[in-house]
Amino acid sequence: MSDSINATQGVLEIFQSAFNVPSLKINPQMITGDLKDWDSFKNVEILLACEARFGIRFRSKEIDAIRSVGDLIAACEQKLNAAK
Amino acid sequence: MNFLFSVPKPEEVLAEVKILLKDVKYSQAVSLLRKAEKKNIYHDDLILAHSNVHALMGNCAEQQNEIKRFIAQKEGDVLHHLKAVEYLITEEHWDLAQKLLDQTKVRFPLSGFTHSTQAQIDCHQGGFEEAAAALLKKQELKKLDDSDIKLVHQIRKGAKNITSLTSDSAITTLLATEQVRQILIRYYYERFESLGWNCEFGFRQRLHGREPLSLFRWGTMPRTAMVNLFKNRFKDFASVHSSKIEATEPTLENDATLEYYFHDQGYEYWAHTDVRKNSVAFSQTEEALYKKLQPHFFLLARKLQDDLEDAEKVFVYKSKEVLSHADCIELHDAMSILGNNKLVIVMLKETDKPDFEILRTNLIIARVTRWWGGGASSPEDMLTHREWDNLIEISYNHFLQHYPEMDVA
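Top line first, the protein sequences correspond to chains A and B.
Just so we're aligned: the first sequence equals residues 0 to 83 in numbering that gives the first Met the number 0.
Just so we're aligned: the second sequence equals residues 0 to 408 in numbering that gives the first Met the number 0.
Just so you know, not all the hints are guaranteed correct.
Each computed PhoX-like pair below joins lysine-lysine, with the alpha-carbon atoms no more than 20 Å apart [to be verified]:
# : chain 1 : residue 1 : chain 2 : residue 2
1 : B       : K319      : B       : K352
2 : B       : K149      : A       : K60
3 : B       : K8        : B       : K37
4 : B       : K290      : A       : K41
5 : A       : K41       : B       : K276
6 : B       : K312      : A       : K60
7 : B       : K312      : B       : K243
These are computed hints drawn from the structure, not numbers from a lab.
One chain only, chain A, in its complex shape:
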């Protein structure tokens, strides 16, 4: 499976688990506040889950650059590519 599909599917599952909604759908344009209970606390939880799932570590400036779900997926892909 490509990194792109890996990251997209992984981030989707992380969101479904974080919001406890197995049928949750996400799209790249979504930003904090677009879902109920999506706040900065939830963002920390999502970031930690991404780090654990993909075995990556975000630097602070990489976290700051993540504004949307699409940015998060791209950041995970980039990290996965860099690890190769």
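Fit chain B to the known structure of chain A by using the hints.
Same frame as chain A, now just chain B:
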């Protein structure tokens, strides 16, 4: 790559074309692109690459035909037209880029994007007055937005070298507009990070469109503990030996406000967890809750340590107590152990003290009339907004003089 037996991806073809162009093997590049086309490998970038090969071979008519073919794919999409213009700019085919842009402006007269692209071409060619005029046209269409920040910065920088700037020039007019000021202020706020007391600065950033990751602020940590945190390079912060979660006393009569706080005893740090005691299932022990929450604070600390080591942001330490110069310098010295950090310490005004005081090139004290009450429209709140915006603008520009690398736009 063997095209006879496999169907390559467009990006693979493109990569190979780039290598051939680098080696000045233009005919082979054309041949490769034709083969790809015969195999129905279609991609926008391949058509643009094809046009570029023709340009390099001196076939201007063929180059323009390829551009027309590209445009025809999505003729009704202004961004598609502008993609071709951007490509021509990247390849430095300025005349053709301008010609295509002029056609696009006629085709899409109400588009704001065309004016940004015009400003981009003008800036590239040193025409800052023309670039400003293009952005003013975009503003007239009410389409100037934060995506134009890079162009606004280029125009500002370019304007510094123009000695004959008049009050009615497009540059002066553009930079004086409230909308441009707001775009710049938002950009400045993004370069700052809150360290000090309470959530005020974080909320100000939120007002300006930035959503700071952490609403667990560092504001509850006493200054002396923060000095130790930096001197110790965050050692043992949020460690299992020194931290725990504790339910606080209700702050209101309603018990629903009883909240778990994360408490690091070593650094006297308390932070919201946003977990209400009555929302936690009886079966979930505090230990299990701690295990879930502790990594959050570890991430927060790691993030701040990264920022201090990168030394790219400007830190804002809002102090509710009046600090002496020695206190300010002690905090700044501790931060400087991790990196060459820039710090603004914000305090309330004192008699006979200036609004701004430069203690070091990378350490400023700024004084404000009052703290923000959280409102938006009372005259007092408006004063606070103006004071903060002013403070951020002055601080940013002060640091920019000494650290030009801060300007990433």
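A quick look at each hint next to the structure:
1. B/K319 - B/K352: Roughly 16 Å separates the two Cα atoms, so the pair holds.
2. B/K149 - A/K60: Satisfied, since the Cα-Cα distance of roughly 19 Å is no more than 20 Å.
3. B/K8 - B/K37: The given pair, whose Cα atoms are some 14 Å apart, holds under the 20 Å limit.
4. B/K290 - A/K41: 16 Å, holds
5. A/K41 - B/K276: 18 Å, holds
6. B/K312 - A/K60: 10 Å, holds
7. B/K312 - B/K243: 30 Å, violated
Comparing the model with each earlier hint shows a violation of hint 7 alone; every other hint is respected.
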